[in-house]
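> The residues making up each chain are set out below.
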Amino acid sequence: MSLRTLIRERRSIRKFNDEPVSQEVVMNLLQKADQLCAYNGDVRWRYLYAGTFEERERLADCITAKILGNRLAKITLGTVINPLRKWIIKVPANLIAIVKTDLDPVKHNEAYGTLCRILQNFQLLAWEQRLGMVWITSQPIIQNDVFYNQIGLQEDEQFVALLQIGYFDKAPKGRERTSAECFMTELATK
Amino acid sequence: MKLMDMTIPRHNNHAFEMRPVPKELVLELLNHAVWAPNHKLREPWRFIYIPYSGKPDWFDKKVPAQLVVTLKSDNSTNRQNEDLAAVFCLIQNFKLLAWERRLGVNVTFHEWMYVPEYCRRLGIPDKEKVAAVLDLAFYSDILETSLTTPSTLNVSSLQ
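Going down the list, the protein sequences come from chains A and B. Per the working numbering, the first sequence starts with residue 183, numbered consecutively. Per the working numbering, the second sequence starts with residue 3, numbered consecutively.
The set of hints was computed from the structure by calculation and includes no laboratory data. Because the structure is a prediction, the values reported are computed rather than measured. Hints are not guaranteed to be accurate.
[Unchecked claim] Coverage of chain A stretches by chain B, computed from C-beta distances (three or more under 8 Å per stretch; other residues unrestricted):
1) 247 to 256
2) 360 to 371
[What the hints assert, rightly or not] Within a straight-line C-alpha distance of at most 25 Å, the following computed DSS-like cross-link-like pairs (lysine-lysine) qualify:
3) B:K4 / B:K63
4) B:K57 / B:K4
5) B:K4 / B:K131
6) A:K248 / A:K289
7) B:K25 / A:K289
8) A:K289 / B:K4
9) B:K74 / A:K289
10) B:K74 / A:K282
11) B:K74 / B:K4
12) A:K282 / A:K268
13) A:K268 / B:K64
14) B:K42 / A:K352
15) B:K42 / A:K289
16) A:K214 / B:K42
17) A:K352 / B:K4
18) A:K282 / B:K131
19) B:K4 / A:K355
20) A:K197 / B:K129
21) A:K352 / A:K272
22) A:K272 / A:K289
[As the list claims (entries may be wrong)] Chain B is nowhere near these chain A residues, computed Cβ spacing over 12 Å in every case:
23) V203
24) S204
25) E237
26) G260
27) I263
28) L307
29) D338
Where is the CB? At the ideal position from N, CA and C, for every residue including glycine.
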């Protein structure tokens, strides 16, 4: 598969099959992803991994803690908790990416940007080995202080991504992209 | 070549040529790079191509061309971070594709990026912010690939 095909054909995968995911495979891909970024400077990020059944149960605990910690939420959302736990535990492998914040916006954005670039390498490398994933940030169930507290996010850290990872049977169709010409301007000759 | 077998050197100021970087090539590579994941297909990225002749006076003169990558500002921190992540995924796609064509892409960040006055001088609307400035230059023929020493991954199990 050529690089451009790999980039164009990668899809976000939300539905995984039962094939187990080896932690060693994931770590190899992440190591290569890091290397391909060819960055200078400090490592200002870290990862949490949940692959074993116990770790995935713990992840489910972290995610449902907010609902369970609130009496009203527990009553109104009680029926949601079990299906939610089941859905989380079913995902074969999970990688959480965390960046160290910095008051200097240049330093902070460089760290954030480099971590995101590593994660994109990771997504491509995984796809090359038919391992799919989805980068989750938007869920309100994840972006909250209770969840951050549960996973041990420090004061000087920012949650960047939860990647749900697994092998899959079917990839969704790609959605057409707008051509780059529409988004580009050129600085005229002085 | 499989991505797994690719090696990309760390940026080295001396490994590049001053020959022009054609806009057509940049667009060709970007049109593949836009297949980066982006939430709700918002496609938040915008580009300003700067050839040598159009270079503002505060830009690095030792670089043949630059691509300033901007994105829409968003009041929602979540959406802003999502869009920023999408833009960096695109940037990484672009960097990988460029390497195949012997085009080096150095992802740079500068204090002026956060100063509205400088952004206006580049024609960036107030509702957009700069994600990064990509320094573009072709690698010279004599390229010493400085092998990147693998960094130790900081990974712990979720407890």
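> Against this structure, judge whether each hint is valid.
Comparing the hints with the structure gives:
Here's how the region 247 to 256 of chain A fares: 0 of its residues keep a CB closer than 8 Å to some CB of chain B, so the rule of at least three is not met and the hint is violated. Coverage of the region 360 to 371 of chain A by chain B holds. Counting CB-CB distances below 8 Å, 11 residues qualify, and the rule asks for three or more. A threshold of 25 Å between alpha carbons decides the hint, and for B:K4 with B:K63 the separation of about 35 Å lies outside it, so the pair is violated. Under the criterion of a C-alpha separation no larger than 25 Å, the hint pairing B:K57 with B:K4 is inconsistent with the structure, at around 36 Å.
The suggested pairing of B:K4 with B:K131 is violated, with an alpha-carbon distance near 35 Å, which exceeds 25 Å. Note on A:K248 and A:K289: the hinted pairing is violated, with a Cα-Cα distance of about 32 Å set against a maximum of 25 Å. Taken as a hint, the B:K25 and A:K289 pair is broken in the structure, with Cα atoms around 29 Å apart against an allowance of 25 Å. Restraint check for A:K289 and B:K4: not satisfied, since their Cα atoms lie roughly 32 Å apart, outside the 25 Å limit.
Annotation: proposed proximity of B:K74 to A:K289 holds, straight-line Cα distance about 21 Å (limit 25 Å). Distance restraint check for B:K74 and A:K282: the Cα-Cα separation of roughly 24 Å lies within the 25 Å cut-off, and the hinted pair is therefore satisfied. A distance of roughly 34 Å separates the Cα atoms of B:K74 and B:K4; the hinted pair therefore is violated under the 25 Å criterion. At roughly 31 Å between alpha-carbon atoms, A:K282 and A:K268 are farther apart than 25 Å, so this suggested pair is violated.
Of the pairs offered as hints, the one joining A:K268 and B:K64 is violated, with about 56 Å between alpha carbons and a cut-off of 25 Å exceeded. For the hint pairing B:K42 with A:K352, the CA-to-CA distance comes to about 20 Å; that is within 25 Å, so the pair holds. Of the supplied pair hints, the one linking B:K42 and A:K289 is violated, its CA atoms being roughly 28 Å apart against a limit of 25 Å. As the CA atoms of A:K214 and B:K42 are separated by approximately 29 Å, the hinted pair breaks the 25 Å bound.
With a C-alpha separation of about 22 Å, the suggested pairing of A:K352 with B:K4 holds against the 25 Å cut-off. Restraint check: the Cα-Cα separation between A:K282 and B:K131 comes to about 22 Å, which is no more than 25 Å; the hinted pair holds. Proposed proximity of B:K4 and A:K355 is supported: the alpha carbons are some 23 Å apart, at most 25 Å. Proximity of A:K197 to B:K129 is assessed by CA-CA distance (about 37 Å); at most 25 Å being required, the pair is judged violated.
The hinted pair formed by A:K352 and A:K272 meets the criterion: a straight-line CA distance of about 17 Å does not exceed 25 Å. As the CA atoms of A:K272 and A:K289 are separated by approximately 37 Å, the hinted pair breaks the 25 Å bound. The Cβ of A:V203 sits about 14 Å from the closest Cβ of chain B, beyond the 12 Å cut-off, so the non-interface label holds. Non-interface call for A:S204 relative to chain B: holds, since the shortest CB-CB distance, roughly 14 Å, exceeds 12 Å.
Separation of A:E237 from chain B is inadequate, the least Cβ-Cβ distance of about 5 Å not exceeding the 12 Å criterion. The Cβ of A:G260 sits about 25 Å from the closest Cβ of chain B, beyond the 12 Å cut-off, so the non-interface label holds. With a cut of 12 Å on Cβ distances, A:I263 stays outside the contact zone with chain B, its closest approach being about 19 Å. A beta-carbon of chain B comes within 12 Å of the beta-carbon of A:L307; the shortest separation is about 6 Å.
No beta-carbon of chain B is positioned within 12 Å of the beta-carbon of A:D338; the least distance is around 15 Å.
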